[in-house]
Structures are given as structure tokens and as C-alpha cells.
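The residues making up each chain are set out below.
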Amino acid sequence: MSTIEETTRTPKHESPLLAGQSSQSLNEHFQGYMRRLKSGDLGSMPIILGLVVIAIIFQTQNDNFLTPRNFVNLVLQMAGITVIAYGIVFVLLLGEIDLSVGFVSAVGGVGMTILLRSGVDLSFLSFILPDSVISAFAPEGGWAWYVAIPTALLLTAAIGFLHGMIITLFQLPSFVVTLAGLLAWNGVVLILVGQGGTIIIQDRVAVGLGNAFLPDTWGWIVMFGAIGLYALNLALRYRTRTKQGLATKPITLLALQVAVLAVLGIIFVYIANQDRGVPVVGIIMVVWLVVLTFLAERTRFGRYVYAIGGNKEAARRAGIPVERIRVLVFTISGFMAGFGGLILASRLRSVATNAGGGNLLLNAIAAAVIGGTSLFGGRGRVNSAILGALIIASVDNGMGLLGLSSGNKFIITALVLLAAVVIDAVSRRRQEQSGIR
Amino acid sequence: MSEQPILEIKKASKSFGAVQALIEVDFEVRPGEVMALVGDNGAGKSTLIKGIAGIYAFDKGEIYFEGKRVHIHGPRDAAALGIEVVYQDLALADNLDVVANMFLGRELVQAPWRLDEAAMERATVETLDSLAVTTIQSARQIVAGLSGGQRQAIAVAKAVMWNSKVVILDEPTAALGVAQTRQVLDLVTRLADTGLAVVIISHNLHDIFEVAHRITVLRLGQNVGTYVTAESDQQEIVHAITAGELQFVPGMAQE
Ligand SMILES: Nc1ncnc2c1ncn2[C@@H]1O[C@H](COP(=O)(O)OP(=O)(O)OP(=O)(O)O)[C@@H](O)[C@H]1O
Ligand SMILES: [Mg+2]
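Chains as they are written, first to last, in numbering that gives the first Met the number 0: chain A, 0 to 436; chain B, 0 to 254.
Check before you lean on any hint, since a few could be wrong.
Here are some, though not all, of the chain B residues that point toward chain A, as calculated from beta-carbon distances under 7 Å [to be verified]:
#1 P74
#2 L91
#3 A92
#4 D93
#5 N94
#6 L95
#7 G104
#8 E106
#9 L114
#10 A117
#11 E120
#12 R121
Derived pair list, reagent style SDA-like, types lysine to any residue, alpha-carbon separation capped at 20 Å [said to hold, decoys possible]:
#13 A:K242 x B:A117
#14 A:K248 x B:D96
#15 A:K408 x A:N69
#16 A:K311 x A:E322
#17 A:K242 x B:A118
#18 A:K248 x B:Q140
Because the hints were derived from the structure by calculation, they are not lab data. Since this is a predicted model, take the numbers as computed values, not measurements. No residue lacks a Cβ here, since even glycine has one placed at the ideal position from N, Cα and C.
Chain B extracted, bound-state conformation (with noise of 0.2 Å):
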């Protein structure tokens, strides 16, 4: 695991209308580690990584990637930078299939006004496969049909097959029964020991320390800690979402 963080954050602040999401947090994680984000419901964790993806600008902060000063404009911006999100309600078009969501915005043609629809079915056959992704029978196969478990694996799959430098996972296992959580946990593993970046948000503790090298944790759209999970335990976390200790009285921090 490398010490310099790929993705990093600097005082990011949001506010929708009167609420305050974010309130200058910080945030980083590095290659080959997975980085867990916690917070009780409303702390900003979605809001922070839909900044992170482009789907909004922050109000306020800064993102380096790779040690570089990025802005990030759009879902293509962060895309072409490497970065992949898994969000939490899932993004995909239920009506595709699988091949057409594993390319979706991001179509490979034959000429440019033509799609190769082979070549992008044997991609999306050939990253299932390398995956050990083995329940989805067919790639041609409508999406609306699939399990929460194999809607997972797809996101995830989607993440991996355009070779992405950090993949960020919104609560993976929130719907998942037990065998499927920990296919998803065994694929998070994985995906790090090959070198990405993974930050996944969860509220379920146990996973977390199960697979997470650091946690961050959210309070109130702030940032009130980052714990190596080794050097920490439940107890210590659980605190500091409950009742960590904020910089800003919400509220009145800012405009």
C-alpha cells in the first residue's frame, strides 16, 4: 500500500437551500487500500462521493488526484480520471441489459455513428468471467430480472472492466442477503489487493472492520476523525458517529 493518497479532498463544503451536507471535509484514500466512510443517516457520506463523481459541485473545497489539482465537471470527468461509482440507489437503466449497462454513456462504435455491439458483448462476457461472476446466465439478459447480489456484481464489474484507479462503493451489501454480502465483501478484497483504491460506505460495522484499512467518519455533513481499523475497535466508531466532536456548530458555520 502506498503512503501518497490518489484521491483526496480538501475542504469540501455543500449546502442544498438551507441544509449544510458538507461543511469543510477532508477526505483521501490511497492505492491498494480500502478506505470505509461511516456516518449516521444524513451525514453527507452520498453527498460527498456524488461531489467526488461530478454528479454535483461542491460549494466549496479542492480534489487532487494523483497529487494534481482536478476539477471535475460532470460523470465523464471523473470517469475518464478513473473513477468509478457503485451508488447506493443503484444506477441502472432496468429496461437494457447487462452489456449495455456495463457500457452505458461510454459505447464503443464501430464507426461513429455505429455501435459494436459484438465487441462490447465479449468485453462485458470476458470481465464477468475474470470476476468469477457466475450467476448471471446470459449478458444479453435483461437487468429489471436480476437480484440485488448480481445488480451489485454488475456495478462492480462495470468498475472493473474500464480499469478504474479508485472505485467507490455507496453501502454495496444494504440489500443483500448473507451468501451475496459476502461475495460483494470477498470482490471489495480483491479489487484492493490488485492495487485500486476502494472506499466503501456501509452502515454495518462488522463488515467494515472485516475488509477497511482506515475508516473516516461523518458527523453532521463534518469530518470528526480517520482511524486505522487495526488500531481501533466498534466501540471507539460507534462514539464518534454518535456523538464525535464537531468543529462548526451546524447551522450557523457558514453561509
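Just chain A, with the same shape it has in the complex (with noise of 0.2 Å):
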């Protein structure tokens, strides 16, 4: 990179760019924030303010609403849905859809208790292979949880790479090609469940997954290590940009967000520690939130996906490998699908042959576009999949307490949903008018 340093010899006190930046107090940093604001660049406001609005109506219809055991209950209700949708951000952002993650989240749950309880039968190749190692891939009781589980995300990988392959060498909408593969894949759970069937998960690992709770000092480790890390990465990223002579927060600013998100974890782990404990799988969603969100925002395959998201005749010109990109989203689209799946089906201990069918994918897509992910590419974040999932999960939940039918929970849904696009809509408008990040 030599290149750059012989262009940048301008000292940088000289820097109208960086005069006007490094000394940012924390007022001004909030004055700032009130003019993006104002500008319609709403961020988390609405959903924050969306869930308040929604404890405060269940709460005073039904005080069961925000007890210590609905709030774990609501954890483990939006785990599957959360993690489908982190890979519906990522296509959501390429500015594409991908409609076939419902019954690929089948595939993954039914491809993971199938092979738990028999593992893959090779018998019809006993004419080459030799008897031990056909009973190595069809043992008795199946296969353990450490290979039937990464066999079966494997699987819906490459169910998304195919799809990729196909919407990008025929150069057809990912629309019509993840509708063909939403109609196929439902047919092949269909056929893998069997007739009117349920299977049931036996393995103990595999049914953790999505029942098991953390003991109640193993969820304070966690969550306060959790906290030590964003802590040590906001200080880190901090040194690197003064040293740099760069605009940076103002340090109290940082030191707020540390203590907000500090005491926020110290009442999700009391609160759910008053019940069953931290479930494990909010554990998953933290995790794959964390590397996720580290793909999209700091690595060039995320920066990849923004730019094709925002102006595809650009990246390509850039250079950028725009199909190879598509493709590997959408892998990562069935990847995630999959996973959700196996909470899913862990959850309910078995599989069905309704699995993946109902309002999942709706669900799914509602979550990433409530949470903030435009549906015309190239603008959201990894984290409005779990905020949007907050949100599905409080509303049906709260309804469900309330007796609602679920056509009220479909209407009542579908407004939130309907909330969310005109939201996005109207602030795009106001955000290009006005062009402030």
C-alpha cells in the first residue's frame, strides 16, 4: 500500500476534515444524533419504543405479560425465527429475497432427527462397499449429535448455494427461483417425515438445544464476560483511532454504552435466573449476532454485500466478484435457515410433516424488515433480525395469553408489519433528501 502513503503527506493538524471532528464532546455528539434523527434516520427508535408500547398493553390486560417465566418463554419463542432471519438480512440486503427458507429450516430439523436415529442407509451399495463400513454410516442407534447436526446444516448450506447457482448462471429473480424451491422443499419434508408421521428426537444433546437452561452462576460468567469483550473492543477500536488523529466518540459516551448494555444484561440474567435460568439458546442468538454482525461490518465480503445492495453496476465496475458474492449469500441464507431449524425442532422435541409450514417464513422475512432491513437492498443491520423477532414473539405471545384466535394474531401482525415498510419507506425518502448519515 505504498501507493497511499506517498499521496497523504498533508500533516493533519492542517485538516479541515479532521479539525471540525476529534474534539467531539458528548453534547455535540447529541446534537448530532437528534439531526439524524430529524432527518429520518430513525435507527432502533421505533422498535424500542414499539416494545414498550406493547409491554404496557399486554401488562395492563393480562399482569402475567411481564413475569420472570413469560420473559424466558418469549426467549425460547423467538430463537428459531431470529436466527432464520439473520440470514434474511444478509439476501434482504443484496436487495434479493429468498422465500424457501421455511421448508429449508425443515429440511435441516427433519435432516438432523433422521440421521440421529439412523444415520444415512448405504445398504443398497453393499455390492462394492464392505459390510463395516456401511454399518459405520447406518450404525444402530444413528448418528451422534456431533455428526448428524453439522451433516444437516451442511445439507441446507448447499440447498442455498444450489439456489445461488441457479439465480445467478440463469440470471433469473431469486424471487421465482426460492418460490420453486419453497413448493420442492416442502415436498421432499413430506416425503422424508412420511405419511401423516412425528418423529421424535431422543438424543439429549439435540434436544438441549433448544430446552436446556444454563445453571444460574454459569449465566452471570457468561453475560459478564460477554460485556468484558464489547468493553475491550470498544477500547481497542478507540486507540487505534486517536493514534490515527481520527474523529471518535466522546469516551463518557462510550463508557454510557458499556454501563447501558451492562445493566441490561444484569437484568436479563436475574430475571431469568428468577425462573429456569439463561436459555441456551439466547446464548446462540448472542453468538451468531456477534459474528455475524462482524461479517457484514467489518470484513470486504460484508462491505461486498452492502455495495452490490446499494448500486450493482458499481461494485462490478469496482471489481467486485458481484455473482460470487450472490451466491455465497445465499448459502448463508440456507446455513442460517438450517440452524433456526434444528432450534425448531429441538424445541418441539420431534418433527412433523407440518414442519416449516404455517406463517414461518412471513415470520422470518417480518423480523429482518420490522428490525429495520430495507426491502430494497443495501441498508439494515444484523441485529434487526432479534429485534424484529422481539417483537413477533411479544406480540403473539401477549395474544396468546390474552386468548386471542390467531386470525387476531395474523391481523394484528400483519399491521405491525405493514407499520414497519411504511416506517423504512418514508424515511428513505427523508434520508436522501437530506443525505445525513
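Build the complex: two chains, separate frames, hints provided.
Given below as C-alpha cells:
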């Protein structure tokens, strides 16, 4: 990168771009935030307000809503949707759609369940393979979880890869290809599960995935460990930026960020420990949130996904391998759908012919959109999946407590989704007019 | 100004289905020179530079860079040679900030899997400062909100930052007001003064006579002449653009 060094010889204090920034105070930062709000960049504001409103409404109607037991239930209920929606976020960032994730997730769940019971039956190959090899792939009690689960995930990733290859090779709209996928994988699930059947999951780990809880002390340890790493990350970033003479957020604000997160974490673990403890799926959601946020915002791959969603032609002219990135994104979508499917199957301790159906697909896409990821491509963040899923699960859970019919649930969820899309469209227009991030 | 061309195209042809956009076009530019490329709408100017930039390959023809035959198979090849193009339909990603656009496709990384945001931001800020681009408030501003002139400035700054040897500008002032046009033209002159080869496409002959050293005229996909600005006048160029003598009969020349 010597080419850059040679052209960058201006002393830093002369730079008007730098001078205006490095001394940002908390007050100035707050004013900047208000300016962005006014310009239409609402960030997470509508969601947080929405959650507060939902909590108040349901709590006044039924005081079981804000209880430790229901709180933990909420986490268990939202996990599957959240993990599927993580993959959807990447697809939406590209400006594409993946309608197959519902049944691809079912393929993951059913695949794992079947492999746990019987492995792969290779007996039809008995004329070339020795018996010992065949029985290794189809042992008496089925595959171990540490083989069955990765295999199921590999399978769903391969399905996503296949969708991506078809879309890019034949230059087809993702809408059509994944719609075909929706139907095809539904068929595969029906065939695998068998007529009217249900398959029970017996493996301890596979059941624990969606149903286990951390012991109380471990809940605390994990939470404080995570907060510590977060603070360390912020501190390191602050140091490199000041070293380079770049603008930084005021240090008081960074401290405030850590403090708020710590308080939320303490409340979360405290409440969860009042009931059964911190659910394992809670940890899974947070781990994927961190990993995928890093992927989206700190790597070349993520940068390219945003660039393609914003201006595909510009990305191509910049030498970005557009088609390869698109295939990768659909692969991620398949993988995350599969992971969500494992959680959903585990939670029910079984898979049935209706796996992946109902409004799972709609809920997963709605979660990403309600959380603030734009349907128009190029705008959004991974955390919108978790925020949106929290809203959807709260509405669902609260209306269940009130004993409302599923008809009512659908209508309310639809209204929430519509509101989110309207907010997205309006804020997009205002942002285009003002141009402030 | 050196006499040896840094970039030379020989007999480039390109057709889109039935449309022959370029027919055996010769073109060259020398270091420190501003070469104008003019011609009517659809004459093939953008097609010529997209071929140079590796957006698509010429059907026939040879490209020489610094005297050596080169093959440009994609935008990365062109960038690696030191050819930077500022497109007519500006190739910026509106949803990304200034820094991300300056480094698009060539991001700096700390590890193969980790972007070096601080270094990229610093290089961006310093380049913009060195070009005296003072109208941009923050390097972290989203490009969607910038004016036409600011976007041109970013595209040009990108070329400078990457230490390019040839900078090609496709109608850089088409959408700009008087003051912003002035800024871009000054920038063009400054780039050539530092020894870069600059190719500028424009329909505004007045601007061209102000900044260009030589003028290449395309008509119906053919090179109808290259003129030294100082020895020519607008009338001669206008005549070449509208009625320059064609070597090949359009549409029948080749398959
Ligand atoms: N991608 C394409 N597909 C088909 N035809 C094309 C394509 N690009 C250019 N052409 C055709 O090639 C010819 C030359 O177009 P080009 O864009 O190079 O003209 P230009 O000189 O840049 O014109 P302008 O001054 O309007 O920008 C035109 O007839 C155009 O219609
Ligand atoms: Mg053009």
C-alpha cells in the first residue's frame, strides 16, 4: 500500500476534515444524533418505542405478561425465527429475497432428526462397499449428534448454494427460484417424514439445544464475560482511531454504552435466573449476532454485500465478484435457515409433516424488515433480526395470554409489519433528501 | 510532456449485436497530457473507455501500456495498471459513505478477514485535503446526499489516491453548475501538471479548448482525426464531429 503513503503527506492539524471532529463532546454528539433523527434516520427508535408500547398494553390486560416465566418463554419462542432472519438480513441487503427459508429450515430439522435415528442407509451399495463401512454410516442407534448436526447444516447450506447458482447462472429473479424452492423443499420434507408421521428426537444434546438452561452462576459468568469483551473491543477501537488522529465518539458516551449494556445484561440474567435460568438458545442468538455483525460490517465480504445492494453496477465496475458474493449470500441464508430449523425441531422434541409451514417464512422475513432492514437493498443491520423477532414473538405471546384467536394474531402481526415497511419507505425518502447518515 | 504514449489503443472494434459501436479505432494519450475525446451522442466514446477499463472486452484490437502489449480482462486489471475511470453514470454506491466508496473493491485490511477502517478513513481525509476539496463535511457522510460536484470530486480523488497513471473522465462536468465546473476543470489541469495522462470526454468544446492539449474525434464509431488544440479551432472540430470523413461505410464495414 505504498501508493497511499506517498499521496498522504498533509500534516494532520491542517486538515479541515479532521479539525472539526476530533474534539467532539458528548453534547455535540447528542446534537448530531438529534439531527439524524430529524433527517429520517430513526435507527432503533421505533422498535424500542414499539416494545415499550407492547409491554404496557399486554401488562395492563394480563399481569402474566411481565413475569420471569413468560420472559424466558419469549426468548425460547423467538430463537428459531431470529436465527432464520439473520440469514434473511443478508439476502435483503443484496436487494433480493429468499422465500424458501421456511421449508429449508424444516429440511435441516428433519435431516438432523432422521440422521440421529438411523444415519444414512447405504445398504444399496452393499455390492461394492464392505459391511463395516455401511454399518458405520447407518449404525444401530443412528449417528452421534456431532456428526448429524453438522451434516444437516451442510445440507441446508448446499441447498442455499444451489439456489444461488441457479439464480446467477441463468440470471433469474431470486423471487422465482426460491418460490420453486419453497414448493420443492416442502415436498422433500413430506416425503422424508412420511404420511401423517411424527419423528421423535431422543438425543440429549439435540433436545437440549432448544430446551436447556444455563446454571445460575454460569449465566452470570457468560454475561459478564460478554460485556467485558464488548468494552475491550470499544477501547481498542478508540485507541487505534485516536492514534490515527481520527474523530472518535466521546469517551463518556462509550462508557455510557457499556454501562447501559451491562445494566440490561444484569436485568436479563437476574430475571431469567428467577425462572429456569438463561436459555441456551439465548446464548446462541447472541453468538450469531456478534459473528454475523462482524461479517457484515468489518469484512470485505460484508462491504461487498452492502455495495451490491446499493449499486450493483458500481460494485461490478469496482471489480467486486458480484455473482460469487450473491451465491455466498444464498448459501448463508440456507445455512442459517437450517440452524433455525434445528432449534425449532429441538424445541418441539420432534418433527412432523407440517414442519417449516404455517407463517414461519413470513415471520422470519417480517422480523428482518420490522427490525429495520430495507426491502430495497443496501440498508439494514444484522441486529434488526433479533429486534424484529422480539416484537413478533411479544405480540404473538401477549395475544396468546389474552386468549385471542390466531385470526386476530395474524391481523395484528400484519399491521405491525405494514407499519414497519411504511416507516422504512418514509425514512428512506427523507434520508435521500437530507443525505445525513 | 513526453512524446511516448503511455496508453495506446490500436484498431479497436466492438459491436453490440447489430450495432457497431467501434470500428478499428486508434487512440493514444501521453503522460502529462490532457487528451479530449469528442463526438456526437452514440459516437462510441463511452464504449471506447469501457473497453479500456475492462468493463467489457473489445472484439478486436490491441492495448499497449507503457509500450508493452497488455490484456485487460476486468476492472481489476485496469486498476492494477494504473488506469482509473470516472464514469458518466457515476459508479458510486449511494448507500455507502465516502471512505467506503474511495476504497470500493480495494479495501485495506488488517488481516485477510478484517477491514482497516481507521487507515482507510485517514487516507481518504488526507487525499481530499490535498486536493483542497473543502465542501465535504465528513468522510463518513453517505454519498447519496452529496451534490454532483462533490461526487465528481470524490471520483477524481479516488484516482489520485490510488496514484493512477491514466485518469479517464467521462463527461465530468455535464451535470454541474458554473462554479463546480470551474473546480473540476482546475482539478483536471492540476492532475496533468503532476504528470498524469488525462482523458476527458465532453460535449462542451469551450471547456475542451481550455484544458485539452489534443483532441480525438469519433464519428459513428470511427476515429476521424486527432487535432492539436493550439493549431485548431472550434469550427474545425465541429465539422469533424458532424461530417468527418469515414473510412468504413457504417453497418457494412465488417461482420
Ligand atoms: N451495452 C450496450 N448494448 C447495446 N448497445 C450499446 C451498449 N452500449 C452502447 N451501445 C451502443 O453503442 C453506440 C455507442 O454508444 P456510446 O455509449 O459509446 O456513445 P457515446 O459516444 O458515449 O455517447 P454519449 O455522448 O451520448 O455518451 C450507441 O449506438 C449505443 O446505442
Ligand atoms: Mg457516453
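Structure-based check of all given hints:
Nearest Cβ of chain A to the Cβ of P74 of chain B: about 4 Å, under the 7 Å cut. The hint holds. Because the smallest distance between the Cβ of L91 of chain B and any Cβ of chain A comes to about 6 Å, under 7 Å, the interface hint for this residue holds. Below 7 Å, beta-carbon pairs count as interface contacts, and A92 of chain B has one with chain A at about 4 Å; its hint therefore holds. A hinted interface residue such as D93 of chain B counts as satisfied when its beta carbon comes closer than 7 Å to some beta carbon of chain A; here the least separation is about 5 Å, so the hint holds.
A least Cβ separation of about 3 Å between N94 of chain B and chain A falls short of the 7 Å threshold, and the interface hint therefore holds. Taken as an interface hint, L95 of chain B checks out: its beta carbon lies about 6 Å from the nearest beta carbon of chain A, inside 7 Å. For the restraint placing G104 of chain B at the interface with chain A, the shortest Cβ-Cβ distance is roughly 3 Å, inside the 7 Å limit, so the hint holds. Of the supplied interface hints, the one on E106 of chain B holds, with its beta-carbon coming within about 5 Å of a beta-carbon of chain A, less than 7 Å.
Using the Cβ-Cβ criterion of 7 Å, the hint placing L114 of chain B at the interface with chain A is satisfied: the shortest such distance is roughly 5 Å. Hint status for A117 of chain B relative to chain A: holds, with the closest Cβ pair at about 5 Å, below 7 Å. For the restraint placing E120 of chain B at the interface with chain A, the shortest Cβ-Cβ distance is roughly 6 Å, inside the 7 Å limit, so the hint holds. The restraint placing R121 of chain B at the interface with chain A holds, with a minimum CB-CB distance near 5 Å, inside the 7 Å limit.
For the hint linking K242 of chain A to A117 of chain B, the alpha-carbon distance of about 9 Å falls within 20 Å, and the restraint holds. Only pairs whose Cα atoms come within 20 Å are accepted, and K248 of chain A paired with D96 of chain B is accepted, the gap being roughly 17 Å. Between K408 of chain A and N69 of chain A the alpha-carbon distance is near 18 Å, which keeps this suggested pair within the 20 Å criterion. For the given pair, K311 of chain A sits about 10 Å from E322 of chain A by alpha-carbon distance, which is consistent with the 20 Å threshold.
With a C-alpha separation of about 10 Å, the suggested pairing of K242 of chain A with A118 of chain B holds against the 20 Å cut-off. Between K248 of chain A and Q140 of chain B, the direct Cα distance comes to roughly 15 Å. Compliance with the 20 Å bound is thereby established for this hinted pair.
Consistency with the previously given hints is maintained throughout, with no hint failing.
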